[in-house]
Amino acid sequence: MAPTFSEGGKLGFLHSTFDAFETFAFVPNTTTKKGSHVRDCNDIKRVMIMVVLALVPAMLFGMYNVGLQHSAAFGLDWGFGQMFWYGLLKVAPLFIVSYLVGLAIEFTGAQLRGHELTEGYLVTGFLIPLIVPVDVPLWMLAIAVAFAVIFGKEVFGGTGMNIWNPALLTRAFLFFSYPSKMSGDTVWTGGLSKFLAKGHCFQGSDSLVDGFSGATPLANLGSATPDCGWFTDMFVGTIPGAVGETSVIAILLGAAILIWTGVASWKIMVSSIAGGLLIGYLGYWGGATELPGYYQLVMGGFMFGTVFMATDPVTSAQTECGKWIYGFLIGALAVVVRLWNPGYPEGMMLAILLLNTFAPLIDHCVITRSIAKKAKKAKVNA
Amino acid sequence: MSNNIVLKRGLDLPVNGAAALKTSKTVAADVVAIKPTDFRGCTLRLLVREGDKVLAGSPVLADKKCPDIIFASPVSGTVAEIVRGDRRKLLAVLIKADAQNEAIDFGKKNVSGMKADEIKEQLLKGGVWPFIVQRPYGILADPTVQPKAIFISAFSTAPLAADLEYTLGAEVENIQTAVDALAKLTAGGVHVCTNSASSKFSALKGVKAHVVEGKHPAGNVGVQISNISPIMKGDTVWTVSLQGAAAIGKLLNTGKLDLTRKIAITGPRANDPAYVEALPGTAMSEFACFAAQGESDIRWVSGDILTGTAVGANGYLGFFDNQVTLLSEGNYYEMLGWAKPARPKLHSFARTYFSWLCPKKKYDMDTNTHGGVRPFVLSDVYSKVLPMDIYPVYLCKACLSNNIDDMEKFGIYEVLPEDLALCEYVDPSKIEIQSIIADGIALMLKEMA
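Keeping their order, the protein sequence lines are chains C and U. Under the numbering used here, the residues of the first sequence are numbered 1 to 382, in order. Under the numbering used here, the residues of the second sequence are numbered 1001 to 1449, in order.
In case anyone wonders, no lab produced these hints; they're calculated from the structure. Treat the hints with care, since some could be wrong.
Unchecked claim - With the C-beta cut set under 10 Å, the calculated list includes, among others, these residues of chain C facing chain U: (1) F26; (2) K33; (3) G35; (4) V38; (5) I44; (6) I49; (7) E116; (8) E119; (9) W260; (10) G262; (11) V314; (12) E320; (13) I371.
Ideal Cβ positions, reconstructed from N, Cα and C, are used throughout, including at glycine.
The shape of chain C in the complex, shown without the other chains (with noise of 0.2 Å):
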């Protein structure tokens, strides 16, 4: 089959699309041919594969997630199978599309460019569904998908060169693009907007529970106390949220295993939390919340942007000391805006692509410190 494909062989246009499952399948028979002689067994593929892996948890807890928050907004009396399949039915299509519509431009761009296909849209295909409302309409999803991957990555030139995040640019466009669709406190919730709007529901239940709000955490940050109870909900993550962010058991989890494996940078993550708690004790002192600043970490996309978003290493800080600094402004810059920003309740998405552009500019600085540092020192050996 592979002649067919090959240059100059019939189906020789499609040979990036052919290339692409080929490798997939099997590991090419391609040998060294200048410098080393023998590589590691280790692949982008096997890094990419590694963070989808560490996704699965979140994954699989936003699915019962979602299960459980519309059980209990219609009063609903669901075992655990029916909530993880009320919430597999919703999720999956949010996968389809993600994957269909991103797929299918970056075997376009591939095929265009004449390249091999990269691994990259694995792991941003796998995180949009987990970072957008559950609600969202599926076109919306497709146009944002559509935006981010041709404005965010190929116009850049594909994995490795691209600047922001193109999972959270996806979540930017729809963001503002469609406020009323991403934000609010109707959207968190399963089956709500359908039925807002046509008055009945999935199935079963026709009416709401009496005093349900589907409000996330964030929206009620002004007015919140500190409540044992509440930070348990949020820490295990049966709350209204986007689909996989709202448990930080499960993030912690993922965090687990790209730090074990080496493929997110634990440096990130931590300045990212010290910048979060700083502030948000700041923030406490200062009486901009009754809560104290560990809540911050629990709350909102904080976890998930701090352990899979800001750690995505092509838009990420570079040089080791950059990326100290880059994950602690991260962390500190959301919970600002989370806390001094009437406009916006979540500033983690925001924080991050303002840091993604940013990143270049700490690693210059950073790098040209190290280079003075150096000069200087060969000067006193001398």
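Following the hints, complete the assembly by docking chain U onto the known chain C.
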């Protein structure tokens, strides 16, 4: 003066096929090759024609820029063939050895009474000058400059490298002579790095001794220089391999050029790996007894598996090499390899596989790249195996974009491709880092000339 340097970053490649400490045969060379391709950044001029008679020590090639630097025949015999490649590029001069093995007598010398110029003249004339490598760029040393210092690494950490204590332990006297001579060529002294204070080469006198501990590339002279006294813009430093120092010493002590060396035949595909005595330029066919008969998918590498040259079964040993590595060509498909939970037969430095669970295990490595080439994605894997204060990814990007200012800034003066070989090994993006650096150095040579 003694210094202790402990390098924490690095990786000793766990490859099967280390040579046993025995010399299984002495090769009486039939044909030896002198290959201009062994020397970086120079153009050589042919001094002989096919059919000419030469002695051991007779000039065969000379550097075009500095005609005093000659490349001598290691044997006596007849010039059998001049091999040329595309556009008549000179690839090798083959010399058929005769039985007499006569050598030119350059006269025994007593180094203590010699001046720098006399020493230089003797080394140039005797054909051992090419052993001196000049940094930056790793080129032939320019006899007209006085280097900041001269560095010798007295141990090797490369995968399956020859044990220098075994191969050169008997040559300490010659090395001492070489060190004494080299010391007169620089004001900065001769730095010798050993891996422990009990090394046979710690006994060398009149040197600046350093003990460098750590995994590969701790034995690379470039890494040692970087940690002792980094090369800045405008500096010139010379390096000599321990093998080269022994040859220099032997020339001064005996008056004759004798390049015979113990060579480690190693690698996962070598049968009964051991040492042999042979000359640089010896044909690989002389070592055929180490490879299984009739098998074609073996890669013959002159040097180690990270930095050596694939010369093929009909190739010749390189001028600087004291090791031959035999390994399998990895031209096979592996179904869903990257998705398997574990691949116990393959090694990975990364924790995404489970090699770290068996740190003592050795692997039959082959030449499969285990993945396709991608842009740089991860940023911190490279510095984990590079104990130098440079930014490898930035340096590569500067080289790729031909940006000389950035190359200078990110340390092109300090590195040779071999220093970044491990970065290339661990790179999940499978980028040919050594080749990128080599191109960068070639550009610097062209632009800075």
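Hints and how they fare:
no., hint, in the structure
1, F26, "holds (4 Å)"
2, K33, "holds (8 Å)"
3, G35, "holds (4 Å)"
4, V38, "holds (4 Å)"
5, I44, "holds (5 Å)"
6, I49, "holds (6 Å)"
7, E116, "holds (5 Å)"
8, E119, "holds (8 Å)"
9, W260, "holds (6 Å)"
10, G262, "holds (5 Å)"
11, V314, "holds (6 Å)"
12, E320, "holds (7 Å)"
13, I371, "holds (6 Å)"
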